[in-house]
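There are 2 protein chains.
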Amino acid sequence: MVDVVVAGTVALDSIKTPFGEVKEVLGGSAVYASVAASEFSKAGIVSVIGKDFPKKYLSFLNAMGINTLGIEAKKGDTFRWAGYYDYDMNQAHTLDTKLNVLATFDPKVPDEYRNAKYIFLANTDPEVQMKVLKQMKKPRLVMMDTMNFWIQNKKEELTKMIENVDVVVVNDAEARQYFDTPSIVQAGRSFLEMGPKAVIVKKGEHGALMFTDGSCFSAPAYPLEKLVDPTGAGDSFAGGFIGWLARTEDISPRNMRKAVIFGSAIASFNAEDFSLNKLKKITRDDIFNRYMMFQDIVSF
Amino acid sequence: MVDVVVAGTVALDSIKTPFGEVKEVLGGSAVYASVAASEFSKAGIVSVIGKDFPKKYLSFLNAMGINTLGIEAKKGDTFRWAGYYDYDMNQAHTLDTKLNVLATFDPKVPDEYRNAKYIFLANTDPEVQMKVLKQMKKPRLVMMDTMNFWIQNKKEELTKMIENVDVVVVNDAEARQYFDTPSIVQAGRSFLEMGPKAVIVKKGEHGALMFTDGSCFSAPAYPLEKLVDPTGAGDSFAGGFIGWLARTEDISPRNMRKAVIFGSAIASFNAEDFSLNKLKKITRDDIFNRYMMFQDIVSF
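First to last, the protein sequences are chains Z and V.
Going letter by letter, the first sequence gives residues 1 to 300 in my numbering.
Going letter by letter, the second sequence gives residues 1 to 300 in my numbering.
Chain Z on its own, in the form it takes in the complex (with noise of 0.2 angstroms):
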């Protein structure tokens, strides 16, 4: 039983910060969003790789508890991303992409997925994201994200795809981008009145803003004093956002914000160490310890 489905990229990471340097390490949407949901959940991934994938990475994926049926292994070379941060580390610039299976990626659900509730499509082509929900048979919550390629470039199929589903999560500069407006306010509000329930507004440093009916919820960031690599940073969020409601079976917008901070305390331990080396190690108390740091931070 899979109780979150998790659609995204797994790919071989090359990456260096002003604290260090990786190379083909594990990465992509749908990894670090995974081992983020099964913090709380049992989390089962639809993605793609090639026949290069290193065998470790399955094994430590299964070790992590998730369910890996669902990435389909092609011939040819796994999706690569090769990027590097300057001290502004909330900038990611990106010095190659190789898609290669990932280009004709046909995303198929298995059977023993199809009846989970908790579905997150990660960023990808939209109409990728539509045949993941196609296969699903009665999802209780849908949550996508998406990226400036596809606003500008597929919007019609995004906006479909945003009408569709239950919660959105963008970064602050996506929310601007699709409304052509510079308030993340009034961004956010927009896209409520196209259908979702909730929408999450990332704003890296400065935390996330979620917009319910009728309210905002501001979360802060945590404050680490030393960001060592910022990959990963949003599908951790995303993960461990759904994965804690999977877990508590709970979609009211007060659960929401719970989640929200849950999401948030993954994703700062996830900044602490390159690709899932924080992850690996936190336990279910040190989420809750964080957890209750966020209380201390907001409290007045």
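It is worth saying that the hints were derived from the structure and are not from the lab.
For glycine and all other residues, C-beta sits at the position ideal for the given N, C-alpha and C.
A couple of the hints might just be wrong.
[Stated by the list, open to error] Label pairs and their calculated CB-CB ranges:
1. Asp213/V x Ala173/Z: 32 to 40 angstroms
2. Ala173/Z x Thr283/V: 32 to 40 angstroms
3. Lys280/Z x Asp296/V: 35 to 43 angstroms
4. Lys55/Z x Met292/V: 50 to 58 angstroms
5. Leu69/Z x Ser252/V: 54 to 62 angstroms
6. Glu24/Z x Asn277/V: 58 to 66 angstroms
7. Phe179/Z x Asp296/V: 23 to 31 angstroms
8. Met292/Z x Lys134/V: 42 to 50 angstroms
9. His93/Z x Glu163/V: 32 to 40 angstroms
10. Ser299/Z x Glu193/V: 18 to 26 angstroms
[Said to hold, decoys possible] Examples of chain Z residues lying across from chain V (beta carbon under 10 angstroms, computed):
11. Gly50
12. Met136
13. Pro182
14. Leu227
15. Ile261
16. Asp296
17. Phe300
Guided by the hints, dock chain V onto chain Z, whose structure is given.
Leaving out everything else, chain V in the frame of chain Z:
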């Protein structure tokens, strides 16, 4: 008797935003801060104006309960600022600055201000700030603001000031610039090591962070859907903050957190109209209601 002394500018502002335009209206850091402070306490201004300064504006300040004895009227013209905001209202664009009488400002603190316990030194030449400070008898809490120009051109004098105050309030760009670091958290902690008890980093639409010994407080921005004119946001924030501290006579970190929220509440009202048009209308109840909204915005 004056509880809060505010030293800074009294200005005639000409401002254009996407929502309208005003010419030669009352503005300046000391004006915004003292009007905000006077929501809670008795404030007095130390500043300078020219012979051309409209009497109605002095009457307005007096009607707001502000002591204007420390506003020196000198031969010459009043300080003027002209600027505009595009749709990205986070960024002020200066069209023209005429220092006029401000160029030779030699602050004189009236006798009846000298026993005040709460001092806000708004952004100005650090040497002028020091002159004001030296005239105060035994302040309980001194807060200062500054700007990029002084960090670049008078860092030594500025450093001496920072070492002599209790609270530093700067924006995120200034915090980063002073310590040449991309990390607001690092900058905040480094300011604390210089002596101040609290450091507040203003982040505009992203709210504010306050660092005190061993603790970090994150305050959200109020999610205004329509911001009319952000001019004076930082100064009305600072005025509301220090006004609350003076009223409660409690400078504990816990009460400073409340003060940050009161400052943010008043600053959010201020942005809803040009000049002091909104602040002059709001009541104590309006402010408390918005304070409660802030509670709701961050609660989880």
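**Message:** Please list, smallest to largest, the hint numbers that this structure does not respect.
**Reply:** 11, 12
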